[in-house]
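**Student:** One-letter residues, chain by chain:
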Amino acid sequence: MNYLENFGRYCLLMFRAFRQPGRNRFFREQLVREIDSLGVGSVGIIAIISLFMGAVIAIQMAANIESPLIPMYTVGYATRESVILEFSSTVIALILAGKVGSNIASEIGTMRVSEQIDALEIMGVNSAGYLILPKITAALLINPILTLMSMFLGVWGGFFACTLTGLLDSPTYIQGITLDFRPYHLVYSLIKSLVFAFIITSVASFRGYYVRGGSREVGQTSTRAVVNSSISILLWNLILTRLLLL
Amino acid sequence: MIEIKHLSKSFGENQVLHQIDAEFEEGKTNLIIGQSGSGKTVLMKCVVGLFEPSEGDVLYSGRSFTQASLNEKRNIRKEIGMVFQGGALFDSMTVEENVAFPLRMFTQESRSEIMDRANLCLKRVNLPNAHKLFPSEISGGMKKRVAIARAIALNPKYLFFDEPNSGLDPRTSILIDNLIQEITQEYQTVTVINTHDMNSVMEIGDKIFYIHKGHKHWQGDRVGIWESPNKELTDFVFATRLMRDIRSKNFKP
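Read top to bottom, the protein sequences are chains A and B. Just so we're aligned, residue 1 is where the first sequence starts under the working numbering, counting upward by one. Just so we're aligned, residue 1 is where the second sequence starts under the working numbering, counting upward by one.
No lab work stands behind these hints: they were computed from the structure. Quick caveat, the model's predicted, so the values are computed rather than measured. Hints should not be assumed to be uniformly reliable.
Computed beta-carbon distance windows for the label pairs [what the hints assert, rightly or not]:
hint, chain 1, residue 1, chain 2, residue 2, range
1, A, Val32, B, Asn75, 22 to 32 Å
2, B, Asn129, A, Leu140, 34 to 44 Å
3, B, Thr107, A, Val32, 17 to 27 Å
4, B, Asn75, A, Phe7, 26 to 36 Å
The C-beta atom is built at its ideal place from N, Cα and C for all residues, glycine as well.
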């Protein structure tokens, strides 16, 4: 019953967030700030994780190819497919759920417990639209770009790992990553990144918006937001994979 | 004028307010007093629309707030200024940006006009040199004054204060009380103050409503309190020995 009630409140909050976006100049300002905070602020960590993730995938592939019948360029091919299909969209979303989700939940939660949201409402401002919509829009704009960047760096992480350790020469790896490339896989991954961006920002905003209590509850809400959005990401990953790939 | 008609509020099984009727007048400081937990904050939140009343109506100059459409509510809210107990200042904005916020949100004025108006409001509350500071860098009394400056920025018709003196020393409390009274008379606002500060009651209480266990127990002015036979009210107002001594010596305000 509680789940249903929470889902209903979540839907109503999203309806309110999208209904009255507020003044354009405020929205633009907030959007730029959120793109900087949610997107640009995450570039560093995503770059590091993607490079190492691609490197590890490539090394593990190379280590597990024992049969001489399997060509070595399979390492490049498998690294590319793993990175594009799963790691760049899902793993990066899970990392962002931790970094960005907790940030959003604690920011909005603090505003709730210190009555800043009430102050907005009293002024006649649609607090949901003012606080949540720019965050969702920023994430929808920036998350696909971060995912593309992660794909690029992941594949090149694999390249560096293979060539620098002598597991594979560069022409063989490049032959692998250019083999049988299906642009649809890229589309599939970008669709997932959009859905995950919405989940991360909306779930964290919902948790923060309805927090009650003080600083301890804000902290707990922040953790709950990360757990909820991570589980939702995994669930939707399964649903989207079933719908889009099979 | 704000009229409250038969207003009740329940949270589940717990009824917090019972059939409250009241009228808050223009150009007067209307005080809602009562012990902690008596329901006065819930009453104020129902009046400003932060809580939906379970029963009854709130009329702003004859316009029903509870039955108003979303747009009508937004329009009424633009005429409301509220100062919260903790100030509720936007902590990621400077003092100046806080005061300018409602102006930027609801007016078409240029940036320089908005800043002029914000500076004027800050000057009105005697805070001419705090523009660039963040709320975390100023004192409690200054926060209250910034919150008042923000509340009056749009020339509101209705001003609400939730415990304006809580956490302030007696001297700063008097300054805030005087400021509220001056602004009420200057702008002819309907000012509603939620308080349990007896100094405020005696200093600025033009019209006083005493709430006890969710019921309106008494209504009158600060002179009337002195002569009221209402036991709950007198127990509340004259709770300290000092107040009892003052009463016994008949020092009326």
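**Student:** All the hints need checking, so say for each whether the structure fits it.
**Tutor:** Evaluated hints:
1. Between A/Val32 and B/Asn75 the beta carbon distance is about 30 Å. The supplied range of 22 to 32 Å therefore holds.
2. Taking the beta carbon of each, B/Asn129 and A/Leu140 are about 43 Å apart, inside 34 to 44 Å as hinted.
3. A C-beta distance of roughly 22 Å is found between B/Thr107 and A/Val32, which places it inside the suggested range of 17 to 27 Å.
4. Restraint check, B/Asn75 to A/Phe7: a C-beta distance of roughly 32 Å satisfies the suggested window 26 to 36 Å.
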